[in-house]
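Peer 1: Here the protein sequences come in this chain order: Z and X. Residues 23 to 502 in the numbering used here are what the first sequence spells out, letter by letter. Residues 29 to 311 in the numbering used here are what the second sequence spells out, letter by letter.
Hints in this document: simulated from the structure, not taken from any laboratory. Misleading hints may appear alongside valid ones.
Capping the alpha-carbon separation at 30 Å, the derived lysine-lysine pairs in BS3-like fashion look like this [claimed, not checked]:
| id | chain 1 | residue 1 | chain 2 | residue 2 |
| --- | --- | --- | --- | --- |
| 1 | Z | K446 | X | K62 |
| 2 | Z | K388 | Z | K99 |
| 3 | X | K308 | X | K152 |
| 4 | Z | K41 | Z | K267 |
| 5 | Z | K498 | X | K62 |
| 6 | Z | K334 | Z | K136 |
| 7 | Z | K159 | Z | K334 |
| 8 | Z | K334 | X | K152 |
| 9 | Z | K136 | Z | K430 |
| 10 | X | K75 | Z | K267 |
| 11 | Z | K430 | X | K89 |
| 12 | Z | K275 | X | K152 |
| 13 | Z | K498 | Z | K275 |
| 14 | Z | K388 | Z | K107 |
| 15 | Z | K267 | Z | K35 |
| 16 | Z | K348 | Z | K334 |
| 17 | Z | K35 | Z | K388 |
| 18 | Z | K159 | X | K152 |
| 19 | X | K308 | Z | K136 |
| 20 | X | K75 | X | K37 |
| 21 | X | K62 | X | K31 |
| 22 | Z | K446 | X | K31 |
| 23 | Z | K107 | Z | K159 |
| 24 | Z | K388 | Z | K334 |
| 25 | Z | K446 | Z | K430 |
| 26 | Z | K388 | Z | K41 |
| 27 | X | K89 | X | K75 |
| 28 | Z | K267 | Z | K498 |
| 29 | Z | K430 | X | K308 |
| 30 | Z | K107 | Z | K41 |
| 31 | Z | K99 | Z | K498 |
| 32 | Z | K41 | Z | K159 |
| 33 | X | K89 | Z | K446 |
If you want the ones that stay clear, here's a sample from chain Z, every Cβ over 12 Å from chain X, calculated [to be verified]:
| id | residue |
| --- | --- |
| 34 | Y28 |
| 35 | R95 |
| 36 | T259 |
| 37 | T423 |
Here a beta-carbon is modelled for each residue, glycine too, at the ideal position from N, C-alpha and C.
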Amino acid sequence: MSFLEYAPAPESKAILRLKDSYGLFIDGEFVDGSGDSFHTISPADESRIAEISSASDEDVDRAVAAARRAHDRVWSKMSGRDRGKYLFRIARLVQERARELAVAESLDNGKPIKESRDVDVPLVASWFFYYAGWADKLDYAGLGANPRALGVAAQVIPWNFPLLMLAWKVAPALAAGNTVVLKPAETTPLTALIFAEILQQADLPAGVVNIVTGAGATGATLVRHPDVDKVAFTGSTGVGRDIAKAIAGTDKKVTLELGGKAANIVFDDAPIDQAVEGIVNGIFFNQGHVCCAGSRLLVQDSIHDEVIDRLKHRLSTLRLGDPLDKNTDIGAINSAAQLARIRELSELGEAEGAERWTADCAIPEKGFWFAPTIFTGVEASHRIARDEVFGPVLSVLTFRTPAEAIAKANNTPYGLSAGIWSDKGSRILAVADRLRAGVVWANTFNRFDPSSPFGGYKESGYGREGGRHGLTAYLKGASA
Amino acid sequence: MSKRLTVPKTYKLAIGGAFPRSESGRTYEVVSPKGAFLANAAQASRKDARDAVVAARAAVKGWSGATAYNRGQVLYRVAEILEGRRAQFIDEIVDQEGVSTGAASAQVDAAVDLWVWYAGWCDKYAQVTGNANPVSGPYFNISVPEPTGVVATIAPQDSALLGLVSAIAPALVTGNTVVVVASERFPLSAISLAEVLATSDVPGGVVNVLTGSPAEIAPWLASHADVNALDLSGAGGLDWVDLEIAAADTLKRVLRPGGVEPSLDRISAFTETKTVWHTKSMV
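The following block holds chain Z by itself, in its conformation from the complex (with noise of 0.2 Å):
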């Protein structure tokens, strides 16, 4: 056994109290969704997880109908004391359950059980605390004195982060004094599923949370629902854009987080093994499913092969496998449709004149697996440097001025987020200025908070979610 190799340490599926089927939660309980159903797998090992409903145009009529009811009779009325209690309730069961969130969310999801363990499940707990102390105290919120909850909240979200996205969307919502009906991917339904059952220990009040589970269909009708009076959506631009569609001429508000193309950037002064940790940690945390992926890598040209040479090694080093296992870096890509876009892009970036390089690591028979790979001599013009891959897949670019790296930095339709890398303060501030992103991080990467508003600027969508940006988002002014 070398220095390399480890004993399996797999986290033990025994903690889970799965239901061998899961109904629709609606008004409190779990009903039976008149769609046709379908099953969620591990993407790990396309196993079958459970049987989830879906949801049928006239059950998301009635989740609906079960929100603005609890809007209008329970939840309005109730006190922001009171409010915030449930969240912090709320909050409290999570990190009691965490051990088994994080099971479900890596068995459901393919990721890293020490990423579900460590990173998306203690911000789940994080995000509602955070918010439910904000229930109470709306009055300093920027909107005025009592400033007021916008209704009933439609929210879909995306499957690369199941349960903080509900988290990020839910725990507003409600300390805002919105209701909500959620509709989680449809390859990544379970998290919600078990977080239902939370509300339901919590004691929340039936309909404040309904969840109705489904493919895409069932949240086109959700967010087109004429009694919604907001639409909260992360997903992919293209997406972002029906949904603009849809609600123009209505009076509904918007929050839109779309995809990203992110800059990392790295200056020939930076302390290059915490870049190298950045960067493999911004474009192979979560398998690069994150839409804030720093997914172009520019690097200044006098340190290219340097930071590429050092950046190969440890991408050597990494362990790609069994989602559950607690050694694992890399997880399992998250279906095979996602998988097929991934090999597509690559093939194109192959073709396109770009130099390939893959990490040498074994893959697992079945599942949906790509090994972490990253394209030298990428061009601005490339599609791996304008498309958005969602994969563990990284593309590198050169630079020789400030300028240039920020002029190539901005040359994208998106505006996520982006990264700088430099011993020199006063350069980071300068460059950050310049860069036409919503959210920059300055010798780290990936960092998130729930005091942190994160959002775009141009194609990467609209509002912003955390913080106090992230509340205002569901409140209106009193004279509004």
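Position chain X relative to chain Z; hints supplied.
Peer 2: Same frame as chain Z, now just chain X:
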């Protein structure tokens, strides 16, 4: 002695700090409510709209890069020059809207005061809406508002000056540049305002004024890929839902038709929040 022959003004477009005619060569008659001829205004075309967007884009770097204090001074200067031209604006409003001199005076006064109000926001807006965020970790984390970029505005159609000022001044506060389609019936005050801006240290291209048919011009602005935001404040009489749909193709920020009362929300509508995480080193 005979009465002096007056020298009527030629009203043109305002693009990039210059006052060109429409490249289409088209004009339309601006008349008083009683039908009296007032002037020929330029009838802007799609090409004029595109030229205006190019000028507005070119002006973003300088205007958004100016210090907030400087933008505040320049916008206050606009109010000063506007005040000095009160008589001209009152006359134009009386002619176009057919209102009394008193009502026209009140509109000009309100417009001047509104410029002063928004001018004062320039170096306070970021303090009021920005945040230092207490994240869990060794990071200096700050959220600040930045301008969205190029804002295309359909000015309120029922007001010659105040509506226009209400729509464009808040967009300028944070450093956006503007392409505004003036009131179709009352375009003269808009061009005169552009003259005020041109003599107030507002850099060329920061405000570009198009006169003509909003119904004709607005769709080109709504679908233009280099426009970042669409202010439909004065588009209530147009097929504005189609404009919002067109704007969705490039995910423009859209302000739907409605009131233009002075508010922080009008400034916020065309801003982006940037959050910077700066690592704190070991000491």
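Peer 1: If a hint holds in the structure, say so; if it does not, say that too.
Peer 2: Hints, verified against the model:
no.: 1; hint: Z:K446 to X:K62; verdict: violated, 68 Å
no.: 2; hint: Z:K388 to Z:K99; verdict: violated, 52 Å
no.: 3; hint: X:K308 to X:K152; verdict: holds, 27 Å
no.: 4; hint: Z:K41 to Z:K267; verdict: violated, 38 Å
no.: 5; hint: Z:K498 to X:K62; verdict: violated, 43 Å
no.: 6; hint: Z:K334 to Z:K136; verdict: holds, 22 Å
no.: 7; hint: Z:K159 to Z:K334; verdict: violated, 49 Å
no.: 8; hint: Z:K334 to X:K152; verdict: violated, 48 Å
no.: 9; hint: Z:K136 to Z:K430; verdict: violated, 34 Å
no.: 10; hint: X:K75 to Z:K267; verdict: holds, 26 Å
no.: 11; hint: Z:K430 to X:K89; verdict: holds, 16 Å
no.: 12; hint: Z:K275 to X:K152; verdict: holds, 26 Å
no.: 13; hint: Z:K498 to Z:K275; verdict: holds, 10 Å
no.: 14; hint: Z:K388 to Z:K107; verdict: violated, 45 Å
no.: 15; hint: Z:K267 to Z:K35; verdict: violated, 43 Å
no.: 16; hint: Z:K348 to Z:K334; verdict: holds, 23 Å
no.: 17; hint: Z:K35 to Z:K388; verdict: holds, 19 Å
no.: 18; hint: Z:K159 to X:K152; verdict: holds, 23 Å
no.: 19; hint: X:K308 to Z:K136; verdict: holds, 25 Å
no.: 20; hint: X:K75 to X:K37; verdict: holds, 24 Å
no.: 21; hint: X:K62 to X:K31; verdict: holds, 24 Å
no.: 22; hint: Z:K446 to X:K31; verdict: violated, 73 Å
no.: 23; hint: Z:K107 to Z:K159; verdict: holds, 13 Å
no.: 24; hint: Z:K388 to Z:K334; verdict: holds, 26 Å
no.: 25; hint: Z:K446 to Z:K430; verdict: holds, 20 Å
no.: 26; hint: Z:K388 to Z:K41; verdict: holds, 24 Å
no.: 27; hint: X:K89 to X:K75; verdict: holds, 23 Å
no.: 28; hint: Z:K267 to Z:K498; verdict: holds, 22 Å
no.: 29; hint: Z:K430 to X:K308; verdict: holds, 27 Å
no.: 30; hint: Z:K107 to Z:K41; verdict: holds, 29 Å
no.: 31; hint: Z:K99 to Z:K498; verdict: holds, 16 Å
no.: 32; hint: Z:K41 to Z:K159; verdict: violated, 39 Å
no.: 33; hint: X:K89 to Z:K446; verdict: holds, 24 Å
no.: 34; hint: Y28; verdict: holds, 28 Å
no.: 35; hint: R95; verdict: holds, 30 Å
no.: 36; hint: T259; verdict: violated, 7 Å
no.: 37; hint: T423; verdict: holds, 17 Å
Checked against the numbered hints given earlier, the structure breaks hints 1, 2, 4, 5, 7, 8, 9, 14, 15, 22, 32 and 36 and satisfies all the rest.
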